[in-house]
Amino acid sequence: MSAIQQVPTSRDHAIDVARLREQFPILHRTVRDEQRLIYLDSGATSQKPLAVLDAERDYYLTSNAAVHRGAHQLAEEATEAYEGSRARIAAFVGARAEQLVFTRNATESLNLLAYAFSNTSDKARTGAPRPDGSDRLVIGPGDEILITEMEHHANLIPWQEVCAKTGATLRWIPLTPDGRLDLGRLPELLTSRTRVVSFVHQSNLVGTINPVREIARAARDVGAWVFLDACQSVPHMPIDVNELGVDAVAWSGHKMLGPTGIGCLWATDELLYSMPPFISGGSMIEVVTMEASTFADPPKRFEAGVPMVAQAVGLSAACDVLDTLGMDAVAAHEADLTAYALAQLDGLVGVRVVGPASTEMRGSAISFVVEGVHPHDVGQILDSRGIAVRVGHQCAWPACRALGVPATTRISPYVYNDRSDIDAFIEALDGVRGVFGFH
Amino acid sequence: MQDLYQEIILDHYRNPQGRGLREPFEAQVHHVNPTCGDEIDLRLHLKTRDGVVVVEDVSYEGQGCSISQASASVLFDSVVGHPLDEALAFLDRFQEMLQSKGALQGDEEIMGDAVAFAGVSKYPARVKCALLPWMAWKDAVVRATEGDMT
Numbered sequence: 001m002s003a004i005q006q007v008p009t010s011r012d013h014a015i016d017v018a019r020l021r022e023q024f025p026i027l028h029r030t031v032r033d034e035q036r037l038i039y040l041d042s043g044a045t046s047q048k049p050l051a052v053l054d055a056e057r058d059y060y061l062t063s064n065a066a067v068h069r070g071a072h073q074l075a076e077e078a079t080e081a082y083e084g085s086r087a088r089i090a091a092f093v094g095a096r097a098e099q100l101v102f103t104r105n106a107t108e109s110l111n112l113l114a115y116a117f118s119n120t121s122d123k124a125r126t127g128a129p130r131p132d133g134s135d136r137l138v139i140g141p142g143d144e145i146l147i148t149e150m151e152h153h154a155n156l157i158p159w160q161e162v163c164a165k166t167g168a169t170l171r172w173i174p175l176t177p178d179g180r181l182d183l184g185r186l187p188e189l190l191t192s193r194t195r196v197v198s199f200v201h202q203s204n205l206v207g208t209i210n211p212v213r214e215i216a217r218a219a220r221d222v223g224a225w226v227f228l229d230a231c232q233s234v235p236h237m238p239i240d241v242n243e244l245g246v247d248a249v250a251w252s253g254h255k256m257l258g259p260t261g262i263g264c265l266w267a268t269d270e271l272l273y274s275m276p277p278f279i280s281g282g283s284m285i286e287v288v289t290m291e292a293s294t295f296a297d298p299p300k301r302f303e304a305g306v307p308m309v310a311q312a313v314g315l316s317a318a319c320d321v322l323d324t325l326g327m328d329a330v331a332a333h334e335a336d337l338t339a340y341a342l343a344q345l346d347g348l349v350g351v352r353v354v355g356p357a358s359t360e361m362r363g364s365a366i367s368f369v370v371e372g373v374h375p376h377d378v379g380q381i382l383d384s385r386g387i388a389v390r391v392g393h394q395c396a397w398p399a400c401r402a403l404g405v406p407a408t409t410r411i412s413p414y415v416y417n418d419r420s421d422i423d424a425f426i427e428a429l430d431g432v433r434g435v436f437g438f439h
Numbered sequence: 001m002q003d004l005y006q007e008i009i010l011d012h013y014r015n016p017q018g019r020g021l022r023e024p025f026e027a028q029v030h031h032v033n034p035t036c037g038d039e040i041d042l043r044l045h046l047k048t049r050d051g052v053v054v055v056e057d058v059s060y061e062g063q064g065c066s067i068s069q070a071s072a073s074v075l076f077d078s079v080v081g082h083p084l085d086e087a088l089a090f091l092d093r094f095q096e097m098l099q100s101k102g103a104l105q106g107d108e109e110i111m112g113d114a115v116a117f118a119g120v121s122k123y124p125a126r127v128k129c130a131l132l133p134w135m136a137w138k139d140a141v142v143r144a145t146e147g148d149m150t
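Top to bottom, those sequences are chains B and C. The numbers in my numbering rise by one with no breaks, and the one at position 159 of the first sequence is 159. The numbers in my numbering rise by one with no breaks, and the one at position 74 of the second sequence is 74.
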C-alpha cells in the first residue's frame with residue numbers, strides 16, 4: 001500500500017459517508033425536477049437505514065405475535081424480540097433494561113412524567129391508593145416547576161397543564177441574546193419551593209448544549225426532581241444516563257435512525273416505582289377485580305396495551321448502526337460539519353445565525369435568518385434546489401420570541417451528510433436574496 | 001419555483017397596498033398560522049350605499065412570508081370599494097383556484113393580480129399562507145354582519 005492511501009491517524013474512526021449513504025436508499029432519490037436530494041432536516045426526523053427497515057420486516061416475516069401473552073412459539077419469540085430490544089436500547093445509553101419505558105414518542109415520555117404529578121396530586125386529594133414513595137409527586141399551590149425559555153413545546157406545555165391542574169407555579173430560566181441559558185439567574189429561581197426541574201439537553205432551535213450536570217446538581221441540592229429532554233442529544237453524542245445526575249431522560253427513536261412510533265423514557269428506580277400509571281388497560285396490571293386493580297412493576301406499569309414491537313426491533317437495529325459508527329465518531333463528524341457550516345454562513349451577506357456563533361457547547365442544529373426574506377420563503381427557495389430544511393418557529397415559539405425573531409430557517413446535518421451537502425446549501429442560500437431583488 | 005414567486009407577488013410583498021390599521025371599523029380579528037407563526041391583525045369597515053353593503057376599508061398589520069403578506073395586499077386591492085356580495089364571490093373563486101392543485105389558472109379579467117397566486121396551488125404547504133388574510137377577512141365579515149347588516 002502506498003503512503004498516499006493511508007488514512008491519517010486522526011481520521012481513523014472517521015465516518016465513511018459515501019459508504020454509509022448506501023444504507024439509505026431515500027438519499028439517492030431526486031426531488032424537484034431531478035435534482036439530488038440534500039437532506040438537512042434530521043433534527044425533525046432522521047432517515048432510516050436498510051438495517052432498520054430489514055429488522056422490522058424480518059420481525060413481521062418470522063416472529064410477529066402479541067407479546068407477553070399467548071402460549072405459542074411465535075408469542076415467545078416476539079416477547080424475546082421486544083424485551084431483547086429493550087435491553088439493547090437501554091445499553092445504548094448505559095442503562096438497565098428494567099429502567100427503560102417505551103412510549104409513542106418523546107412527547108409522550110415527557111407527558112408521562114408530567115401526568116405523574118397531576119395524577120398523584122389528584123389521588124392524594126381523594127385519598128385513592130398510590131405507590132409508596134409517591135409523596136414527592138404531590139404538588140400544589142406554592143410549589144414551583146422550573147423549566148427554561150429554550151424548551152421545545154413538548155417540554156413546556158405538559159408543565160403548563162400540570163400547573164393549571166395543581167395550582168403549582170411555572171418558572172423558567174431565561175435565554176441570553178446569543179441563545180444560551182442565563183444560569184446566573186439559577187440561584188434566585190431554584191429554591192426550596194422548586195419541586196421539578198425539567199430542561200433540554202441540546203436546543204432543537206439553536207443547537208445550544210446545556211451543562212446538564214451543573215444544573216442537575218443545583219436542582220438536586222434543593223430536593224427537586226430533575227428531568228432531561230434528550231431528543232437532540234441521544235442521537236448525536238455519547239450518553240450515559242447514570243453520569244448525568246438526573247432522574248429521568250426522554251428521547252425519541254425516529255431522530256436516531258429508528259422508526260417513528262417509538263419513544264423512550266429512562267428513569268431511576270425511585271422515580272419509576274413512585275409514579276402511578278399513565279395510560280391504563282391491559283398488560284400493565286397485577287390483579288384486576290371489578291372494584292379496583294393493582295398495577296405491575298415498571299416498566300410494564302407504563303406500557304398498557306399491545307406495544308410497538310416492530311418499532312422496538314427497528315430502534316434496536318438503529319442502535320447497532322450508531323454503535324458501529326461509534327457515538328464519539330458521530331459527535332466528531334457533526335462537530336466538523338457544524339464548524340464548517342458556521343464558518344461558511346459567516347461569510348454570507350444578509351445572513352445571521354440565531355444562537356451560539358461559536359462551536360463551544362453547541363450541536364449541529366443551526367438556525368438563521370436572511371435579511372428581508374421570511375424563513376418560509378428561504379426554505380421554499382432552498383427546496384427548489386433540492387435542499388430540505390426546516391422553517392418556522394421550530395416548536396419553540398417562546399424561544400424565538402426571546403431571541404427576537406418570528407421564525408427561523410434551520411439546518412440539522414447528521415451522520416449521512418458531508419461537507420459537499422453544506423457547500424450545496426451555502427451556494428443555494430447565497431442566491432436567496434437575489435430572488436427577492438436584494439443584491 | 002417561478003410559478004410560486006411571480007413578480008406580481010414580490011411587488012405586493014415589497015410594496016404592500018393598504019397596510020396599517022385604520023379607523024373606523026366594525027370588526028377586528030387576529031388570525032395566526034400555528035405551524036409557521038404567521039400573524040395578521042385585520043379590521044373591516046362596511047358601509048351601506050344606496051341599499052348595497054360595500055367594503056369601505058380593509059386595514060391590516062401582520063408578519064409572515066411573502067405569500068401571506070402579498071396576499072393581504074391583493075386582498076385589499078380586490079375587495080375594497082366593491083359590494084360585499086361581490087367580494088365574497090371573489091373569495092370563493094380565489095379559494096377554488098388555490099385548492100385546485102394547479103388545475104385552475106384563474107381569469108385575469110375578473111381576478112386581476114390575484115391570478116398570480118395560481119402557482120401557489122401546486123405547493124400544498126403554502127396554500128394556507130395565501131389564505132391566511134382571506135380567512136381573517138371572512139371571519140371579520142361574519143362578525144361585522146352579525147345582526148343588522150345581513
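These are computed hints drawn from the structure, not numbers from a lab. Since the model is a prediction, treat every value here as computed from it, not as a measurement. A few of these clues could be false.
[As the list claims (entries may be wrong)] Derived coverage of chain B by chain C (criterion: at least 3 residues anywhere in the stretch with Cβ under 8 Å from a Cβ of chain C; other residues may be distant): (1) 170-180; (2) 379-386; (3) 392-404.
By construction, the Cβ of each residue, glycine as well, lies at the ideal position given by its N, Cα and C atoms.
These are the hints, each one checked on the structure:
Here's how the stretch 170-180 of chain B fares: 0 of its residues keep a CB closer than 8 Å to some CB of chain C, so the rule of at least three is not met and the hint is violated. Only residues whose beta carbon comes within less than 8 Å of a beta carbon in chain C count, and the stretch 379-386 of chain B has 3; three or more means the coverage holds. Counting residues of the stretch 392-404 of chain B whose beta-carbon sits less than 8 Å from any beta-carbon of chain C gives 4, enough to reach three: the coverage restraint holds.
Of the hints listed earlier, the one the structure fails to meet is number 1.
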